[in-house]
Amino acid sequence: MTWVNAVIQGILLGGLYALFACGLSLMFGVMRIINLAHGDLALLGTFMVLVVSEHVGLSPFAALVIVLPGAALAGYALQYAMFNRSLRAGELSPLLASFGLAIVIANVLLEVFSADTHSLSAGALTTASWRISGQISISALSALIFGVAVLVLVSLQLMLSRTQLGRMMRATADDAATAELVGINARRVYAVATAIALATAALAGTFFGMRSSFDPTLGPAQLIFAFEAVVIGGLGSLWGTLVGGIALGLAQTVGAQAFGAGWSIFCGHVLFLAVLAFRNQGIFAPREARA
Amino acid sequence: MSILEVRELDVRHGLLQAVRGVSFSLGAGETVALVGANGAGKSTLLRTLAGAHRAAGGSVFFEGADVTRVPAYRRVGLGIGLVPEGRQLFLSLTVEENLRVAARPGYWTLERVLEAFPLLRERRRSRAVNLSGGERQATAIGRTLMANPRLLLLDEVSLGLAPVAVEGLYRSLRTVIEQGTTVLLVEQDLTRAMGTAQRVICMLEGRLVLEGRSGELTREQVTDAYFGLGRAAA
Numbered sequence: 001m002t003w004v005n006a007v008i009q010g011i012l013l014g015g016l017y018a019l020f021a022c023g024l025s026l027m028f029g030v031m032r033i034i035n036l037a038h039g040d041l042a043l044l045g046t047f048m049v050l051v052v053s054e055h056v057g058l059s060p061f062a063a064l065v066i067v068l069p070g071a072a073l074a075g076y077a078l079q080y081a082m083f084n085r086s087l088r089a090g091e092l093s094p095l096l097a098s099f100g101l102a103i104v105i106a107n108v109l110l111e112v113f114s115a116d117t118h119s120l121s122a123g124a125l126t127t128a129s130w131r132i133s134g135q136i137s138i139s140a141l142s143a144l145i146f147g148v149a150v151l152v153l154v155s156l157q158l159m160l161s162r163t164q165l166g167r168m169m170r171a172t173a174d175d176a177a178t179a180e181l182v183g184i185n186a187r188r189v190y191a192v193a194t195a196i197a198l199a200t201a202a203l204a205g206t207f208f209g210m211r212s213s214f215d216p217t218l219g220p221a222q223l224i225f226a227f228e229a230v231v232i233g234g235l236g237s238l239w240g241t242l243v244g245g246i247a248l249g250l251a252q253t254v255g256a257q258a259f260g261a262g263w264s265i266f267c268g269h270v271l272f273l274a275v276l277a278f279r280n281q282g283i284f285a286p287r288e289a290r291a
Numbered sequence: 001m002s003i004l005e006v007r008e009l010d011v012r013h014g015l016l017q018a019v020r021g022v023s024f025s026l027g028a029g030e031t032v033a034l035v036g037a038n039g040a041g042k043s044t045l046l047r048t049l050a051g052a053h054r055a056a057g058g059s060v061f062f063e064g065a066d067v068t069r070v071p072a073y074r075r076v077g078l079g080i081g082l083v084p085e086g087r088q089l090f091l092s093l094t095v096e097e098n099l100r101v102a103a104r105p106g107y108w109t110l111e112r113v114l115e116a117f118p119l120l121r122e123r124r125r126s127r128a129v130n131l132s133g134g135e136r137q138a139t140a141i142g143r144t145l146m147a148n149p150r151l152l153l154l155d156e157v158s159l160g161l162a163p164v165a166v167e168g169l170y171r172s173l174r175t176v177i178e179q180g181t182t183v184l185l186v187e188q189d190l191t192r193a194m195g196t197a198q199r200v201i202c203m204l205e206g207r208l209v210l211e212g213r214s215g216e217l218t219r220e221q222v223t224d225a226y227f228g229l230g231r232a233a234a
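Chains as they are written, first to last, in the numbering used here: chain A, 1 to 291; chain B, 1 to 234.
Because the hints were derived from the structure by calculation, they are not lab data. Just so you know, these numbers come straight off a predicted model, no measurement behind them. Any given hint could be a false lead.
Stretches of chain B that chain A covers, calculated by requiring three or more beta carbons in the stretch to come under 8 Å of a beta carbon on chain A [to be verified]: (1) 61-73; (2) 95-102.
Here's a subset of chain B near chain A, in silico, CB distances under 7 Å, partners left out [what the hints assert, rightly or not]: (3) 76; (4) 77; (5) 82; (6) 88; (7) 90; (8) 91; (9) 147; (10) 148.
Glycine residues also receive a C-beta, built at the ideal position from the N, C-alpha and C atoms.
Turn these sequences into a full structure, and let the hints guide you.
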């Protein structure tokens with residue numbers, strides 16, 4: 001039964017990884033930008049929720065109402081201020097620019113919030129759980145996070161495949177120069193993609209902060225988990241990202257069950273390396289590159 | 001009343017000057033063929049009119065407004081539509097998505113484009129990557145029409161197509177012209193160019209060397225200008 005529990009916890013954890021990863025996946029799919037600041041931006045969102053909830057006296061959930069639009073606006077501005085400019089200098093420069101941004105964010109967070117650990121309280125949800133049997137219980141918070149993650153990824157995928165904005169994003173991803181010739185403002189489409197990416201990152205960061213304690217140094221670790229989820233699932237497909245996140249979560253919890261808690265993250269990395277070695281297009285690789 | 005006026009236009013590709021001091025104007029509703037040898041600067045001129053290239057000098061006026069510095073995506077909204085050479089479709093999108101992504105209100109709707117290009121109807125759910133050359137070209141033209149341009153720029157639409165496909169394209173093009181759309185088309189087939197257009201302009205090494213009504217120009221005059229033989233001057 002402990003194995004079944006490990007599988008359930010792994011799937012639920014995977015939802016959070018997928019939520020972290022979907023913004024990374026979207027930015028790569030639309031602009032071919034690998035945003036190395038994604039983890040730190042998510043953590044910045046976590047801290048913003050912390051600030052708002054402490055200073056205004058709101059619950060972290062209510063603080064999201066302020067922080068998520070803020071993150072989206074910040075993403076829109078960030079695209080114009082940094083990524084659109086660096087894209088002009090070639091494909092590698094956004095990668096370097098985002099690396100620099102990651103360092104800046106991590107150090108500013110360290111300066112402002114010190115290296116102390118913090119946590120966000122989800123209120124009654126933190127301790128609520130459903131006991132299924134003697135050894136299996138599902139935490140209400142984990143279930144909520146998983147549900148929201150699936151909802152976000154499904155909505156994003158539907159937006160991409162069904163709406164005019166989605167068609168514009170996929171057209172721009174295919175060929176930005178031609179997209180301009182059919183009347184699409186490619187830079188604006190990019191800015192909208194980054195706005196969505198940062199809002200989902202802030203949401204994921206907030207859930208992360210409700211699940212466990214956090215400090216300003218944890219950004220890169222979130223980036224790695226998100227990156228692994230994207231690669232395991234296959235680049236450029238949001239369904240793949242969801243599956244990749246769940247696969248990563250499963251590898252970690254089942255690995256911990258099999259070899260001991262210390263092996264959890266190691267087992268996730270092994271799955272990632274195995275996918276790279278044996279199926280480097282990912283589990284769910286789309287037939288063509290799709291956003 | 002001219003819909004497009006080009007004054008002393010210069011366009012460079014690095015050190016190469018592809019368009020040199022070109023001036024001409026298009027009347028509203030007119031169909032004009034732009035001819036010239038490979039490398040004469042026809043595609044560059046069309047791409048500059050659409051905003052895909054920046055003009056190094058001179059100006060472009062569309063419906064009386066200076067659009068020389070207006071970016072490509074906004075020119076589409078103003079009413080300039082280019083069908084680029086090489087049918088640059090969005091390959092991962094379906095035919096219908098390629099059409100819909102460009103849609104702006106006006107005469108041309110998805111239904112009307114599918115009517116004008118019947119071969120696209122049964123292919124509307126296929127991804128562009130799986131289309132034949134003729135189907136791709138029809139999709140590219142249809143996509144540009146979806147934005148309801150008042151000025152349609154066609155760059156070598158018949159290049160690499162089977163004669164029957166070219167015939168079908170030109171038949172559909174007649175519907176476009178009948179809608180009152182102004183058309184500037186680059187066409188290698190001189191007979192077809194002079195048959196479709198009311199006026200022909202010819203470029204040689206970046207310059208405009210000949211301009212005249214299709215009925216008043218002889219094939220020889222155009223061919224001489226095309227190759228720069230200068231017989232007309234002798």
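We went through each hint and held it up to the structure:
Restraint check on the region 61-73 of chain B versus chain A: 3 residues with Cβ-Cβ distances below 8 Å, three needed, restraint holds. Only residues whose C-beta sits within less than 8 Å of a C-beta in chain A count toward coverage, and the region 95-102 of chain B has 5 of them, enough to reach three; the restraint holds. With 7 Å as the threshold, the beta carbon of residue 76(B) comes within range of chain A, its nearest partner Cβ sitting at about 3 Å, so the hint holds. A hinted interface residue such as residue 77(B) counts as satisfied when its beta carbon comes closer than 7 Å to some beta carbon of chain A; here the least separation is about 6 Å, so the hint holds.
A least Cβ separation of about 6 Å between residue 82(B) and chain A falls short of the 7 Å threshold, and the interface hint therefore holds. This hint holds: residue 88(B) has a C-beta 4 Å from the nearest C-beta of chain A, less than the 7 Å allowed. At its closest, the beta carbon of residue 90(B) sits 4 Å from a beta carbon of chain A; the interface hint therefore holds under the 7 Å criterion. Given hint, residue 91(B) at the interface with chain A, holds; its Cβ is 6 Å from that chain's nearest Cβ, closer than 7 Å.
Checking residue 147(B) against chain A: minimum C-beta separation of about 5 Å stays under 7 Å; hint holds. The beta carbon of residue 148(B) comes no nearer than 10 Å to any beta carbon in chain A, farther than 7 Å, and the hint placing it at the interface is violated.
Hint violations for this structure: number 10 only, all remaining hints satisfied.
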